[in-house]
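Engineer: Each chain, letter by letter, is given below.
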Amino acid sequence: MQPVDVVTVGVGLAGSILGKELADAGLKVVGLERGAYRDTSPDFELPGIHDELRYAQRFELMQDLSRETLTFRNSMNETALPMRQFGSFLPGEGVGGAAVHWNGQTWRFLPWDFETRSRTIERYGSSAMPADCTSQDWGLTYAELESSYDRFERLFGIGGKAGNLLGRRQPGGNPFEGPRSREYPNPPSKLSHASGLFTKAATQLGFHPFPMPTANMTRAYTNEYGATMGACIYCGYCERFGCEMGAKASPQTAVLPALLANRNYELRTRSNVVKINLDSDRKRAVSVTFVDARGREFEQPAEIVLLTSYVFGNVRHMLMSGIGRPYDPVANRGVVGRNYAYQCLSGVTAFFEDKVFNSFMGAGALGRAFDDFNGDNFDHAGHGFIGGGYIACSSTGARPIDHHPTPPGTPPWGSQWKKAVARYYDRSVSIGAHGAVQSYRGNYLDIDPAYRDSYGLPLLRLTFDYQPNEQKMSDFLADRCERIARACGADKISVGRRKGRYSIVPYQTTHNTGGAIMGADPTTSAVNKYLQSWEVPNVFAVGASAFPQNAGYNPTGTVGALTFWAADAILKRYLKRPGALL
Amino acid sequence: MKESADRRRLLKQLGVLGAAALPVASIAHELPAHATRPAPGPAFLFFSRLEAAFVDVALSRLIPNDELGPGAVEAGVTCFIDRQLAGAWGAHARNYRQGPWAEGTPEQGFQSPMTPQEIYRVAIAEIDKHCASSLGGGFAELPVAAQDLVLRNLQSGAINLPEVSSSMFFDMLWTNAQEGFFSDPMYGGNIGKAGWKLVGFPGVAAAYIELIEEHGKPYRAVPVSIADVQQGLARLDEHGHPIHVLLTARVR
Numbered sequence: 001m002q003p004v005d006v007v008t009v010g011v012g013l014a015g016s017i018l019g020k021e022l023a024d025a026g027l028k029v030v031g032l033e034r035g036a037y038r039d040t041s042p043d044f045e046l047p048g049i050h051d052e053l054r055y056a057q058r059f060e061l062m063q064d065l066s067r068e069t070l071t072f073r074n075s076m077n078e079t080a081l082p083m084r085q086f087g088s089f090l091p092g093e094g095v096g097g098a099a100v101h102w103n104g105q106t107w108r109f110l111p112w113d114f115e116t117r118s119r120t121i122e123r124y125g126s127s128a129m130p131a132d133c134t135s136q137d138w139g140l141t142y143a144e145l146e147s148s149y150d151r152f153e154r155l156f157g158i159g160g161k162a163g164n165l166l167g168r169r170q171p172g173g174n175p176f177e178g179p180r181s182r183e184y185p186n187p188p189s190k191l192s193h194a195s196g197l198f199t200k201a202a203t204q205l206g207f208h209p210f211p212m213p214t215a216n217m218t219r220a221y222t223n224e225y226g227a228t229m230g231a232c233i234y235c236g237y238c239e240r241f242g243c244e245m246g247a248k249a250s251p252q253t254a255v256l257p258a259l260l261a262n263r264n265y266e267l268r269t270r271s272n273v274v275k276i277n278l279d280s281d282r283k284r285a286v287s288v289t290f291v292d293a294r295g296r297e298f299e300q301p302a303e304i305v306l307l308t309s310y311v312f313g314n315v316r317h318m319l320m321s322g323i324g325r326p327y328d329p330v331a332n333r334g335v336v337g338r339n340y341a342y343q344c345l346s347g348v349t350a351f352f353e354d355k356v357f358n359s360f361m362g363a364g365a366l367g368r369a370f371d372d373f374n375g376d377n378f379d380h381a382g383h384g385f386i387g388g389g390y391i392a393c394s395s396t397g398a399r400p401i402d403h404h405p406t407p408p409g410t411p412p413w414g415s416q417w418k419k420a421v422a423r424y425y426d427r428s429v430s431i432g433a434h435g436a437v438q439s440y441r442g443n444y445l446d447i448d449p450a451y452r453d454s455y456g457l458p459l460l461r462l463t464f465d466y467q468p469n470e471q472k473m474s475d476f477l478a479d480r481c482e483r484i485a486r487a488c489g490a491d492k493i494s495v496g497r498r499k500g501r502y503s504i505v506p507y508q509t510t511h512n513t514g515g516a517i518m519g520a521d522p523t524t525s526a527v528n529k530y531l532q533s534w535e536v537p538n539v540f541a542v543g544a545s546a547f548p549q550n551a552g553y554n555p556t557g558t559v560g561a562l563t564f565w566a567a568d569a570i571l572k573r574y575l576k577r578p579g580a581l582l
Numbered sequence: 001m002k003e004s005a006d007r008r009r010l011l012k013q014l015g016v017l018g019a020a021a022l023p024v025a026s027i028a029h030e031l032p033a034h035a036t037r038p039a040p041g042p043a044f045l046f047f048s049r050l051e052a053a054f055v056d057v058a059l060s061r062l063i064p065n066d067e068l069g070p071g072a073v074e075a076g077v078t079c080f081i082d083r084q085l086a087g088a089w090g091a092h093a094r095n096y097r098q099g100p101w102a103e104g105t106p107e108q109g110f111q112s113p114m115t116p117q118e119i120y121r122v123a124i125a126e127i128d129k130h131c132a133s134s135l136g137g138g139f140a141e142l143p144v145a146a147q148d149l150v151l152r153n154l155q156s157g158a159i160n161l162p163e164v165s166s167s168m169f170f171d172m173l174w175t176n177a178q179e180g181f182f183s184d185p186m187y188g189g190n191i192g193k194a195g196w197k198l199v200g201f202p203g204v205a206a207a208y209i210e211l212i213e214e215h216g217k218p219y220r221a222v223p224v225s226i227a228d229v230q231q232g233l234a235r236l237d238e239h240g241h242p243i244h245v246l247l248t249a250r251v252r
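Chains as they are written, first to last, in my numbering: chain A, 1 to 582; chain B, 1 to 252.
One chain only, chain A, in its complex shape (with noise of 0.2 Å):
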């Protein structure tokens, strides 16, 4: 095939925006998908969208596993089976990637973040980092990243209320919030009747709620790349559903219309990208190898290689292809697979006698939210865990397989569950805390040694436990959403506590992160601060991949800002002098 200047492997939420600003820029790239186009129209139109079980029970618009997926074990010497079905997580598959069936809520990560492991050992001392604690520092600042952050969320148009401008404090937005330049390009959502209860008793417990910020458009919105998105209109469809206004920031919405339009950018779906192939010395990536729709093998030769696909298939990639040392957990050395982590869920569901909800209306990030147990935003000094989460409450729309909670002490089924049902279905309210995970040294990703893809190639292995920080933290973020609950006046309470091992069944979150993760020490990090391979300096690994530990936020937000920072780095650093930046 003829040789182009960039090649990414695959296009979601970074393989779309960095084929835009590199095309832009007069470089030649093709875009590599494994799964097929949708867009929305035809593929997210009324009425067939509004189908939850099609979209959210049997996840049209997820991964097929049948063809890959990834193997999961508790721990080391556990062997690891497949996840035959869905569970625990959502991979996307197809153009525009998980940042189609995304629910847009889009938050910076604090400062302190991006400097866990130096902020905690200052303020509490070495023995506040939990055992076997591999969480560190990014190699990065939020200073740095702030201007990427902006750029990202003018792009996809998210709506909000700014809480530090400038390191002047706002009124109505989030006190705890790392300085803004400037204030969301879109104002804040409309405030559902649960979030107002919620943020009625958090303020008179003296917490400091604000507007979620939210990439469900709070306005119809032109961006700078003149994608158009109309305003959202609360039908409630938005997690594991396309939206058929076009009003949820994706790739489809804010980037691929321009993106599509420029003569350098090629898109080519249905092709499976098998390997990195490297030069004779494996200091230089020179080609991709993939397998297109009939099963024929081709190569795509490219200066430039950008792994722009889920955490997992950014590792697994590089792990395939010998892009950095593996990590080997028992020696604590090597790169590739290490520091993998996750979100860590809590909280409760409130049920009200006096009141109704309409819970299904809604959108993916209505909803209202305070960070006062976020990071380091408290004095942890004696409770025994570091970091922390946001408390929310969310209207993202009660569809009824998903959603009929019943009090505790509902038989599980019969004619007292089906009362319930009908009595709660619309007079509850879900209190949730979004708990971070840190990094540990039995939590990694490598290659499972038996299980196999449909193209005849190794697949990922997970090996994954909460560790008892995360449960300490869970459990003080559990209580603090039970005092809610009571302050809200609900008249009985279900508390949903983590508890026992990590397991793969029930539906947590798609918040995956690690495994090739930034940082500024090439033994203890796979990518320098640029998103650069310390060892193949002509591919880039963008995306959650390159968290070091995972914040008590959702990740996207934090994955464009990083997609914008590399791409600069590309731009600004790279192209002028191609080589190791660092």
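If you're looking for bench data, these hints aren't it; they were derived computationally from the structure. One should not assume that every hint holds.
As the list claims (entries may be wrong) - Think about it this way: if two alpha-carbon atoms lie no more than 27 Å apart in a straight line, the pair counts; the simulated DSSO-like pairs of lysine-lysine are: (1) LYS217/B <-> LYS193/B; (2) LYS197/B <-> LYS217/B; (3) LYS492/A <-> LYS217/B; (4) LYS576/A <-> LYS28/A; (5) LYS217/B <-> LYS419/A; (6) LYS572/A <-> LYS283/A; (7) LYS283/A <-> LYS28/A; (8) LYS193/B <-> LYS419/A; (9) LYS472/A <-> LYS499/A; (10) LYS419/A <-> LYS197/B; (11) LYS200/A <-> LYS217/B; (12) LYS492/A <-> LYS197/B.
Said to hold, decoys possible - Facing chain B, a subset of chain A residues (Cβ under 10 Å, in silico): (13) PRO407; (14) THR410; (15) GLY414.
Quick reminder that beta carbons are idealized off the backbone N, C-alpha and C, glycines included.
Keeping the supplied structure of chain A fixed, place chain B upon it in accordance with the hints.
Structural biologist: What follows is chain B alone, placed relative to chain A:
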């Protein structure tokens, strides 16, 4: 007839004194009134007549027909499950299905080499056999209290079936029951939008932008299905969202 320990335990749990001596016939005469399915009955793609009867009876206990409205059977959930089993999901077409197979830990999730089609077929036969040998009749012929107990013991895993985990089968049946009761009627269940009406869910959403801040005013509408929109039975707004017909007058 050899009295099994299971049967004695079960009858004891039911509170039937002197159960060991109780003739089978005295249980059989307490047959539940057969739930009526809407006429004409659906053609089954997958289930045999006996399997459909088993599922009917199980569903009539899980989501019963009562004063609140139709239950799962009346809402066509048997037909829903039958169609799901006959389709891609019934063959776990999008599951990873390569070996080697191992049971694994509970945290590792579903690991059965059997498809839902096989699980339903085998489990129903094995549960009927279990009921016949320990309770003196097939599941569908038992009195409702015994049926409930069998379902509870399936759910808890207390009943040991030879080839299938009883709790895995129960979880699948119960998940499918809820899916059928609350999914769009085009899949064969939720007939008359019975599940949606029970909870007040309006189906295909309208534009709620002007309504979401009307706190404390219940919005209750005649539910709209996908077919209603496709077949022109619902009025639509400029973006193609249905204009709901409200069930209660709202003060704006």
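Engineer: Which of the numbered hints are not met once you compare them with the structure shown?
Structural biologist: Hints 13, 14 are the ones this structure does not satisfy, whereas the remaining hints hold.
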